[in-house]
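Let's have the full structure, built from the sequences with the hints guiding it.
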Amino acid sequence: MITVEQRTEFRKHFRYNVGRRLVLDKVVKCLVFICVLVAIVPLIAILVNVFSNGAAALSWNFLTQVPGAVGSDDPGGIGPAIQGTLILIGLSSLIGVPIGVMGGIFLSEYGNNRYGRTVRFFNDVLAEFPTIVIGVFTFVLIVLTFGDFSIWAGSFALSIIMLPIIMRTTEESLKLVPVTYREAGYALGIRRWKVVFTIVLSGARGGLVTGILLSVARIAGETAPLVFTILGSSQFVQDLGGPADALPLRIWRLSSLPYDSAVTQGWGAAFILIIIVLSINIGVRYLFLRKKGQTLLKFKKLGSVS
Amino acid sequence: MISVKMKKGSPITDKIFKFVAIGAATYVLAIIIMIVVNLTTGSAQIWQQEGISFLTGSDWNSVEGRESYGAAPYIMGTLVNAGIAMAISVPLSFGIAMFLSELAPKLLRTPLAMVIELLAAVPSVVYGLWGLLVFRLYIQNWIEVPLHNLFGDQSIIFAGTPFGLDIFTASVVLAIMIVPTIASISKEIMLAVPNSQREAAYMLGATKWEVFRIAVLPYSKSGLIGATILGLGRAVGETMAVTMLIGNATGAAAFPSSLFAPGQTLASIMANEFAEASQGGLHLAALVGVGLILFLMAFAINVVAHLLVARVVKSHEGAVLA
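As they're listed, the protein sequences go chains A and B. Throughout the first sequence, residue numbering follows our numbering, covering 1 to 306 in sequence. Throughout the second sequence, residue numbering follows our numbering, covering 1 to 322 in sequence.
Please keep in mind that the hints were generated in silico from the structure rather than gathered at the bench. Don't take each hint at face value.
[Stated by the list, open to error] List of simulated lysine-lysine pairs, DSSO-like, C-alpha gap at most 27 Å:
#, chain 1, residue 1, chain 2, residue 2
1, B, Lys208, A, Lys12
2, A, Lys194, A, Lys175
3, B, Lys208, B, Lys221
4, B, Lys221, A, Lys29
5, A, Lys29, A, Lys12
6, A, Lys26, B, Lys208
7, B, Lys208, A, Lys175
8, A, Lys194, B, Lys18
9, B, Lys15, A, Lys194
10, B, Lys221, A, Lys26
11, A, Lys26, A, Lys12
12, A, Lys26, B, Lys106
13, B, Lys106, A, Lys29
14, B, Lys208, B, Lys106
15, B, Lys208, A, Lys29
16, B, Lys15, A, Lys175
17, B, Lys106, B, Lys221
Following this line, the structure appears as structure tokens:
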């Protein structure tokens, strides 16, 4: 039999134990909540600073003019940087998108073997490479060989950064297209390449576009590889074989100048850059969240949480 | 007799298609091999000149005739910088991942996960600009000066007059930058833990924290280690923000001695000195050599991380099937 003393003793221990556990639970919850707050504060701070300081710099001249002489009264604009960034995005997509999509097709349609797994693995590793290493590599391979900094070199470097992203998203979205679609195509006697191009690719259109846009947003903000490949310039691009300017590069150069006008211009350029990058990112996610069916696995997970 | 003529094998277009697809996939492997080859040939000069002392030496002199290069301070700087950033960001990221996967109300999850991913999308150079023009002043006035006044020059890690452009500022901004990477991968890994595990723990009367500790954590341990190493890979290779904030010391002065002293990393020395290096010179070869060291570090880190993450995903698939 349990005596009364034992029972009170037991209750005391029980209460102590449960109380301690509940307090610990509350403490951990508070800590976790603080973690989230701490992580969000910088994002808000960056956005507020960039938008408030950057908006002050915006004007038509700022967007279209060439930069003024260093330290002079007329600070000029960032026209060449915007032009350079647009050309770079276009050219590197020209190189990166076809190879990336074909590589993705290989991984999804023919990649279920040892070679496919090897490529997938190194593709993932390449996606995480320091971009400055890719810049140095392009410098040695192209700039030293041809003897000049050029937009081509910059586009090649950026296309290497795009490639793994596009390849992986293409693969993921092609895999979401049901096998029965392919089989229906084969049953009609359509050749494999035509099945892939007409049926599978059009079924995976949404995911494909998402991947390409996200990779464009990624390369739009890349600075390190451009330092080694396009060098920077203060003139509009005349030919593709010469040096050029780009938004992130211009921000970096402006940040090292000790003038107030340069600082204002730096914020302005950051404003334009962040608008480009964030609008692509938010737009892609918004489009996806509306049509859940036909997009990436990754975003599917994000959506299915709710 | 009706004979159905079956074509054996695929016509030439299908073969070409497959060939092109294989070619595109091989391009990735070719790029990686070419990176190794080009960085090696580009830096051959410096390895001949300096030999192993390029890795162990601390001289960094580009004056002609007295040229001498050693990358040891920058290797150390990279490790210290990434180490401090990891020490700050890993607990934060795990907290965020835990909030997103275990605690957050459903309404909050998707938008919050999106905000974290947007944080990852902000370009490095914008972080650098913000750190240089805004964050540096706060960190200098509110954290560095009080700490310096409190401990003084006698303490080793807080020695030196704080200017804000130092290892500490660079590490903190780097930590802010890698939090989204680690947090979003960790969240995916925690969400991959089967709910039956959680329910079993709840049934034993566990609180939320105990559920996390006894059901979620053991299940996702190696995946979380993989996520951490992926974050480390990113921290090691991060260039622009660090270059703008670390203060850019060179030579023996770049050995990380105090948190409040300027430093230098492998990536930042390349970005900084590239413009000064003349083509074909030893200085350029030294910078390419630094690139080779960084490449090898990042490659090793990423291979280990991907192997770990891949193993977790595989074992999870097995668990779901079983």
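A quick look at each hint next to the structure:
1. For the hint linking B:Lys208 to A:Lys12, the alpha-carbon distance of about 23 Å falls within 27 Å, and the restraint holds.
2. With a C-alpha separation of about 17 Å, the suggested pairing of A:Lys194 with A:Lys175 holds against the 27 Å cut-off.
3. Between the alpha carbons of B:Lys208 and B:Lys221 the distance comes to roughly 18 Å, so the proposed pair stays at or under 27 Å and holds.
4. Between the alpha carbons of B:Lys221 and A:Lys29 the distance comes to roughly 20 Å, so the proposed pair stays at or under 27 Å and holds.
5. Taking the CA atoms of A:Lys29 and A:Lys12, the gap is near 26 Å; set against the 27 Å cutoff, the hint holds.
6. For the hint pairing A:Lys26 with B:Lys208, the CA-to-CA distance comes to about 9 Å; that is within 27 Å, so the pair holds.
7. For a cut-off of 27 Å, the pair hint linking B:Lys208 to A:Lys175 is broken: about 36 Å separates their Cα positions.
8. With a C-alpha separation of about 12 Å, the suggested pair A:Lys194 and B:Lys18 falls inside the 27 Å cut-off, and the hint holds.
9. This hinted pair checks out: B:Lys15 and A:Lys194 have alpha carbons roughly 12 Å apart, not beyond 27 Å.
10. Pair hint B:Lys221 plus A:Lys26 holds up; C-alpha atoms about 23 Å apart against a cutoff of 27 Å.
11. Taken as a hint, the A:Lys26 and A:Lys12 pair is honoured in the structure, with Cα atoms around 21 Å apart against an allowance of 27 Å.
12. This hinted pair checks out: A:Lys26 and B:Lys106 have alpha carbons roughly 20 Å apart, not beyond 27 Å.
13. Between B:Lys106 and A:Lys29 the CA atoms are separated by roughly 16 Å; this keeps the pair inside 27 Å, and the hint holds.
14. Taking the CA atoms of B:Lys208 and B:Lys106, the gap is about 16 Å. The hint holds against a cut of 27 Å.
15. With a C-alpha separation of about 9 Å, the suggested pairing of B:Lys208 with A:Lys29 holds against the 27 Å cut-off.
16. Only pairs whose Cα atoms come within 27 Å are accepted, and B:Lys15 paired with A:Lys175 is accepted, the gap being roughly 21 Å.
17. The hinted pair formed by B:Lys106 and B:Lys221 meets the criterion: a straight-line CA distance of about 25 Å does not exceed 27 Å.
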